[in-house]
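Asks: These are the residues of each chain, in order.
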Amino acid sequence: MGAPRIVPTRGIPYPAGDPSLAPAHEKAWRRRLVERALEAVSTPVKQPTVFEVD
Amino acid sequence: MSEDDGLTRLVHQVRSVAVGEQTRFDDGHLTVSAADAAAALADEALASTTVSWASPGESVRIVKVLDAVEPRTKGAGGGGIFPGFVGPPRVQGRGETHVLRGAAVVTAGYLPRAQEAVVDLSGPAATLSPLGATHNLVVEFTPAEGAPWDEVDRALRRGVLRLAARLAEAALEAAPSQVEELPSPAARPAGDGLPRVGAVTNLQTQGAFKDVFVYGRSFGSGLPTFLDPGELDDGAVVSGQYGHPSLKNPTFMHQNHPVVAALRARHGVDVSFAGLVISPEPVDAGQKELVSAHAARVCAAAGWDAAVVTKEGGGNADGDVSLKMDALEDAGIAAVGLFAEMAGADGTGPPIVVPPERATAMVSTGNYDEHLVLPAVERALGGDTVALLDQPATDELQLPTAVVYCALSPLGWGNLTCAPEAVTAQ
Amino acid sequence: MSRVVHYMNQFFAGLGGEDTAGTPPESRPGPVGPGRKLQELLGDEHELVATVFCGDDYAAGEPGAVDEIVRLVQEAEPDLVVAGPAFTSGRYGLACGRVAAAVAKAGIPVVASMHADNPGLEEAVPAPVVASGEAARRMGPSLETLAGAARALLGGEELTAENGRIGAVPRLSRVSDRNAATRAVELALARLGGDQEATEVPLPRFDHVAPAAPVADPGHVTVAILTEGALVPDDNPGRLESARATRWLRYPLEGVDALAPGEWRSVHGGFSTTWANEDPHRILPLDVARELEREGRIGTLFPAYLVTAGNGTSVGNARRFGIEWAADLHHSEVRAAVLTST
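Chains as they are written, first to last, in the numbering used here: chain A, 3 to 56; chain B, 1302 to 1727; chain C, 41 to 382.
Isolated chain A (complex conformation) (with noise of 0.2 Å):
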């Protein structure tokens, strides 16, 4: 609905996390996405842009 930059995440209880993983892989996880995140806001859009982590 608008927002320019996403990063889409694996669950609505946990966008950071997930809880399937073990604690340390979790972590890992929750880096690779905020670090995503520093990407996308350095990189210019135009209209709504999806910035998947794999």
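Simulated from the structure, these hints should not be mistaken for lab results.
In this text the structure is predicted, and so the values were computed from the model without any measurement.
Here a beta-carbon is modelled for each residue, glycine too, at the ideal position from N, C-alpha and C.
Each hint should be verified, as a subset may be incorrect.
What the hints assert, rightly or not - Restraint-style ranges between C-beta atoms, simulated for each label pair:
1) C:S312 - A:P10: 15 to 23 Å
2) C:P242 - B:A1488: 15 to 23 Å
3) C:A358 - B:D1571: 43 to 51 Å
4) B:L1591 - C:D107: 52 to 60 Å
5) B:V1655 - A:A5: 13 to 21 Å
6) C:R68 - B:V1655: 48 to 56 Å
7) B:A1586 - C:D275: 41 to 49 Å
8) C:D235 - B:V1320: 48 to 56 Å
9) B:E1697 - C:D107: 22 to 30 Å
10) A:A5 - C:D275: 29 to 37 Å
11) B:D1451 - C:G147: 49 to 57 Å
12) B:V1655 - A:S44: 28 to 36 Å
13) B:P1449 - C:P103: 52 to 60 Å
To be verified - According to the in silico footprint, chain A covers these stretches of chain C (three or more CB under 8 Å from chain A):
14) 72-78
15) 309-323
Since the structure of chain A is already known, use the hints to place chains B and C on it.
Replies: Quick look at chains B and C alone, frame taken from chain A:
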């Protein structure tokens, strides 16, 4: 009009009905014999069936409405009507077809995945359904013990189509009340300068109890294709879809396709009726896009200037209409889509679940969520209770418009629309 | 001559400010405060016969308050009720909205006045609302709009956007004289004739958000982390609502490297908060943000976070929060923000 040019409807108006000794049609009075009905409906998957009439104005309610079929035949034994079910799967839509107008054969009862659907023959809901104005021969059934539900469904479908053909046969020797000539759409522009406008009809294709049949086969894996509109008249498209009652297109509605009728009515006046494209409604997003792009190509190849796109189903089906509208507009074809609005009980919610992105011309078929009060009735067919409310079917009922059969007709049968609330101090 | 009754709050009735916000409802004959100007604008044909006022806290908080107010309104036998203008005042707007809705449901014509961002806008349904200015210094033009709408209604006209109508206009089923198929063919012809706008269903308009220019290097700027996952200190000192939030909060992160379970919780009503409460970083990624700050990937982590509950938030409120957050962060020279959304 020659054999190849189109279809002739021989219309027999039904004015009154009864159950009697013999199946006959005398000067507008249609009698059905219980024995003939039982014979038409007989199947291993059904332990028993009953038929009873529900006529306009009576204090009757039909619940758990499944499909409705207009009695039609092309000759003794069917003559090819309902190809793939009653007749062999051959192209139809030519020659003569007898129609018992003002009557419908209606199945009512429990099937899995079927949503509670209501028709009232009197009161405020009667005008909201086409079946409120027809003499309905209601088929109630008891499944045979141990019969799988999909076999019960198949048995009912075949039986009701056979019964519909059998009823129409009674009028074969009668002089028709009206004769309607339905020419086939021209393949090429007629050179009369009129815009070529066609109908794109999406058929719900989600498998058991949510399926639509073309020539007797599920249309699920098909690509959009032309269908001669006359074929609709002869029952080439049969409904096996029992969800979203107000958004249903029963067989009856395909036989009397409102958009095709609206285009035929103005053919040669301000439009040139360009024809009909039928399309499945895939569930998968990628498939939806493919089918929509393909439909636009088909219409462009036939030189259409504009298309009226219809659907069957709820919000998911909105996506199919919207994708097609955008694809058509991208191909230079003006697109209009018919949508029911799901604006909530107070009408302030966002109306369309998946609106088009580039196309903008949308017709509203009414508000899904608006509340109705249906008065108590003397008699109910199809079931004893309304499952949705857990109340006796003959009670006064408070229901959203969503539950009334065809009330928001996606094929455009109804007169409902939505408008911003007029606020005055009167 | 039509009888008009005016609803307002304690402040505009001249009783005082916050100190009198608990005043129970009262009715006075004739116009009071801004009602006098309103009477002038309404003209001779319409008489402002009574003013009902109530303290904002009483109206918004006391059970049965709205019923009391509606009773007083009804006693004055109005042909029309006007409420406000409430401008952007949240509690006043809520009161106006609820009173207007109740009056409408009681079958009395009514129109409320408030700013488009007032959270009370949603409460007013099914009553119509017209736009007011942002603050009381815009009383003059706001009253003109309100008086215009009142006169239109009393004259039997419909209220539309031209009268200043704002808010969701209910779309109701109507019976047309032509079936939908016929209307569709007509619409196709209109479109072929060049009318690209004609439609029975207006397309939803979502705000276009112009994307901000990118940050050259996040390692050189202040970056904030924000959330609408309603993560708050365990005792929810700011009393953030679980749904339809009317507020947002800021909590300090100075010297905080990690969020210990038990010290924080999510009060979001829209999902199961078990996972969030087990590990608050699932809502607010402070741990990894601090790592990235230490490594120089983030220049400075803003020493606070902003939070609200994104559950059933009205579009008006959400828009207002966004504007206020942007202002707050900009003022603190934050150049980029990461918002977790639930």
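Asks: Are the hints correct? Go through all of them and say.
Replies: Right, here's what the structure says about each hint:
no., hint, verdict
1, C:S312 - A:P10: 15 to 23 Å, "holds (20 Å)"
2, C:P242 - B:A1488: 15 to 23 Å, "violated (37 Å)"
3, C:A358 - B:D1571: 43 to 51 Å, "holds (47 Å)"
4, B:L1591 - C:D107: 52 to 60 Å, "holds (58 Å)"
5, B:V1655 - A:A5: 13 to 21 Å, "holds (19 Å)"
6, C:R68 - B:V1655: 48 to 56 Å, "holds (53 Å)"
7, B:A1586 - C:D275: 41 to 49 Å, "holds (45 Å)"
8, C:D235 - B:V1320: 48 to 56 Å, "holds (53 Å)"
9, B:E1697 - C:D107: 22 to 30 Å, "holds (28 Å)"
10, A:A5 - C:D275: 29 to 37 Å, "holds (32 Å)"
11, B:D1451 - C:G147: 49 to 57 Å, "holds (52 Å)"
12, B:V1655 - A:S44: 28 to 36 Å, "holds (33 Å)"
13, B:P1449 - C:P103: 52 to 60 Å, "holds (56 Å)"
14, 72-78, "violated (count 0)"
15, 309-323, "holds (count 12)"
In terms of the numbered hints stated before, the structure departs from hints 2, 14, listed from lowest to highest.
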